[in-house]
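Let chain L serve as the given structure and place chain R on it in line with the hints.
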Amino acid sequence: MLHTGLSNQASSLTFERERGVNKVLITRNVAHLVINIEEDTSRFERVLEAMRSLASSNIPVFLVKLHRSALTLAFAAKDAKKADTSLQSSGFKTLLRDDLAVVAIHADSMRDLSGVMVQIADALFSAGARLYETGDSHNSVQALIEGAKVEAAVQSLLTAFHLDDSAVSENQVDAE
Amino acid sequence: MKILIQKFGGTSVDRKEHRELAARKVIKAFEAGYSPVVVVSAIGRSGAPYATDTLVKLLKDIDPQVTPAAREMDMMMACGEIISTAVFAQTLQTYGMKSVALSGGQAGIITDKEHGNARILEIRPQYIQMLLAQGYIPVVCGFQGVTQPSNTSEHGAITTLGRGGSDTTASALGAALDAVAVEIYTDVDGIKTADPDMVKAARTLDVCTYEEVAEIAHQGAKVVHPRAAEIAMDRNIPLWVKSTFSDHPGTRITSDAPPEVKKRLTGITHTGKIVYIRLEIENAEHKPIVEREVYRMMAHANVNIFLVTFSPSALSFAVPRTLFPIARDLLDGMVVPVEHGKEDDFGKLATYYIFKFSDGLDLAYSVQRPLLKAIEGRVKIVDVPASVTENCTMVSVIASNYLRVSGVALRIFETLVKAGIAIHQTADSEMSVSCLIPESEADRAVLLLHSALFEN
Numbered sequence: 001m002l003h004t005g006l007s008n009q010a011s012s013l014t015f016e017r018e019r020g021v022n023k024v025l026i027t028r029n030v031a032h033l034v035i036n037i038e039e040d041t042s043r044f045e046r047v048l049e050a051m052r053s054l055a056s057s058n059i060p061v062f063l064v065k066l067h068r069s070a071l072t073l074a075f076a077a078k079d080a081k082k083a084d085t086s087l088q089s090s091g092f093k094t095l096l097r098d099d100l101a102v103v104a105i106h107a108d109s110m111r112d113l114s115g116v117m118v119q120i121a122d123a124l125f126s127a128g129a130r131l132y133e134t135g136d137s138h139n140s141v142q143a144l145i146e147g148a149k150v151e152a153a154v155q156s157l158l159t160a161f162h163l164d165d166s167a168v169s170e171n172q173v174d175a176e
Numbered sequence: 001m002k003i004l005i006q007k008f009g010g011t012s013v014d015r016k017e018h019r020e021l022a023a024r025k026v027i028k029a030f031e032a033g034y035s036p037v038v039v040v041s042a043i044g045r046s047g048a049p050y051a052t053d054t055l056v057k058l059l060k061d062i063d064p065q066v067t068p069a070a071r072e073m074d075m076m077m078a079c080g081e082i083i084s085t086a087v088f089a090q091t092l093q094t095y096g097m098k099s100v101a102l103s104g105g106q107a108g109i110i111t112d113k114e115h116g117n118a119r120i121l122e123i124r125p126q127y128i129q130m131l132l133a134q135g136y137i138p139v140v141c142g143f144q145g146v147t148q149p150s151n152t153s154e155h156g157a158i159t160t161l162g163r164g165g166s167d168t169t170a171s172a173l174g175a176a177l178d179a180v181a182v183e184i185y186t187d188v189d190g191i192k193t194a195d196p197d198m199v200k201a202a203r204t205l206d207v208c209t210y211e212e213v214a215e216i217a218h219q220g221a222k223v224v225h226p227r228a229a230e231i232a233m234d235r236n237i238p239l240w241v242k243s244t245f246s247d248h249p250g251t252r253i254t255s256d257a258p259p260e261v262k263k264r265l266t267g268i269t270h271t272g273k274i275v276y277i278r279l280e281i282e283n284a285e286h287k288p289i290v291e292r293e294v295y296r297m298m299a300h301a302n303v304n305i306f307l308v309t310f311s312p313s314a315l316s317f318a319v320p321r322t323l324f325p326i327a328r329d330l331l332d333g334m335v336v337p338v339e340h341g342k343e344d345d346f347g348k349l350a351t352y353y354i355f356k357f358s359d360g361l362d363l364a365y366s367v368q369r370p371l372l373k374a375i376e377g378r379v380k381i382v383d384v385p386a387s388v389t390e391n392c393t394m395v396s397v398i399a400s401n402y403l404r405v406s407g408v409a410l411r412i413f414e415t416l417v418k419a420g421i422a423i424h425q426t427a428d429s430e431m432s433v434s435c436l437i438p439e440s441e442a443d444r445a446v447l448l449l450h451s452a453l454f455e456n
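One line per chain: the protein sequences are L and R, in this order.
Quick note on the working numbering: the first sequence kicks off at 1 and runs consecutively.
Quick note on the working numbering: the second sequence kicks off at 1 and runs consecutively.
Pulled out of the complex, with its shape left as it was, chain L reads as follows (with noise of 0.2 Å):
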């Protein structure tokens, strides 16, 4: 018998989050840059010049990947001259496009999840949406679009992983 005061009904609690895909983040007015570095013994010396080139600009880089001839960075659309003209100065061959946004699909443990990226991959192809670069996370795969695709891209991504239009949200990329 329970005791007088104790609750007598079964929990309705919900515990743990829902897993897979749960959340499409748009960040918007992302800028992304090419930095042109040759394949040599220098390589990693030129990729620490162009890193400290940007943040002597106070300039915060997410994306940063590393190629074979490239180091290639992402950053707020509104510091996209700034950062061009700070490489320029110092001698590096860039190419830009500040028109991007990050669209980013979030889910509880994302790297034990297999499938997502070619789910990911076949919504933004469907959508029209070129990939420029990807980004992973525990929690999240950042895909980079042309900020003009996002809808098409958003609207793909929800038919894919059965969300609805509650699941999207927005961020800003310079937020502080």
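Everything labelled a hint here was simulated from the structure, so no lab data went into it.
Worth double-checking, as some hints may not be accurate.
Each computed DSS-like pair below joins lysine-lysine, with the alpha-carbon atoms no more than 30 Å apart [said to hold, decoys possible]:
1) R:Lys342 - L:Lys81
2) R:Lys222 - L:Lys23
3) L:Lys149 - R:Lys342
4) R:Lys348 - R:Lys287
5) R:Lys262 - L:Lys23
Not everything, but these chain L residues come out facing chain R in the computed CB check (under 8 Å) [unchecked claim]:
6) Leu63
7) Leu95
8) Gly135
Even glycine gets a Cβ: it sits at the ideal position worked out from N, Cα and C.
Relative to the frame of chain L, chain R by itself:
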């Protein structure tokens, strides 16, 4: 009633002296006016007689060629916590405390039917509440539950919760019982800025956000499992990480952290035995199609890929080392046909891409490639060279609100490059910056990064 959940991990209950120290923590809480609910893991870690791994081996050793059924594996694994619970309850009783050992099912923990990785659906807390009201200290098995009792199937099959299961039990019970706090006891003083076995100068953090803890745990630190942190975060239950073996106050995990905690460098971790694969795909128009087929193949074989990086003429990604043989066997000699739609200027109707690893790893390629010769008149055959960097690991700097801190990536790269540590690739999120480096350099990288970022 001030209910306090106290969870003790394997090293806290592995021998009599340790169990007595753990029991004293429980009694101290009881005497301070709390109503403790204890959650325990199996006794000891890998190799110990009643550790989960040892019990699983009993089943696997029957015939190593026959994989044990998930349901029976769960029954076996659950025994570790049942033994531990009975022993701990008896320990408390020897101190004169009223204590009851409960399996997950007896504690009212109902899960879905995914054996080996079950998800808690519901907790029926009434029996525990009744025991508490009568002055008992319930000792509950971590890591396990039962499926919903049913009249048309068995009356609750034993399930296990998978990784982080005991921490998850503790947080979920905290939520169900409206506990004032959940305390996770381990063999370190709290959450550290680095693994204290590797970095003697690692310091204990007084306070962490739930997000930091989830990130630290995902990036390899064995503190509190992210599933548990997420439940506590969602229910806003104060969570503590403390040591069974000291009176250090430990680390408080909260959403109500001071501003300086919400924007800071938190710690260094390293994790994973990783292989990095690079595929050279020259044709920019066909590259997205070929890439999707690579993803599709990996998904079919349940190979999770990460650190995916695009270059104009290459695709690179990482796989766990345990899955690399599967990934290599899938890719070696794999053919991706891309139709042109119409005959091109050279009379070809399609391009067939065939994946080739370096000599010695290209068995399927060496068989398949000659077979394609018969169609070369109408189809362009293109080799996709695949190169492999083995023996990698990932070292990560946890940095709250990293996006808002300029120069963090630079400091990390500078530290590693100046020490001559190769960085194969990087990954970043709002909470961390990770570098893929040779596994042999992991200890040195963690020490150097800790020194550069936390000791000055």
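To see whether the hints hold, each was checked on the structure:
1. Restraint check for R:Lys342 and L:Lys81: the C-alpha separation of about 43 Å exceeds 30 Å, so the hint is violated.
2. With a C-alpha separation of about 27 Å, the suggested pair R:Lys222 and L:Lys23 falls inside the 30 Å cut-off, and the hint holds.
3. Proposed proximity of L:Lys149 and R:Lys342 is supported: the alpha carbons are some 29 Å apart, at most 30 Å.
4. Between R:Lys348 and R:Lys287, the direct Cα distance comes to roughly 18 Å. Compliance with the 30 Å bound is thereby established for this hinted pair.
5. For a cut-off of 30 Å, the pair hint linking R:Lys262 to L:Lys23 stands: about 22 Å separates their Cα positions.
6. Below 8 Å, beta-carbon pairs count as interface contacts, and L:Leu63 has one with chain R at about 7 Å; its hint therefore holds.
7. Given the 8 Å rule on beta carbons, the hint for L:Leu95 is violated: about 10 Å separates it from the nearest Cβ of chain R.
8. Taking 8 Å as the C-beta cut-off, the interface hint given for L:Gly135 holds, the closest approach to chain R being about 6 Å.
The structure fails hints 1 and 7 (numbered hints given earlier, in ascending order).
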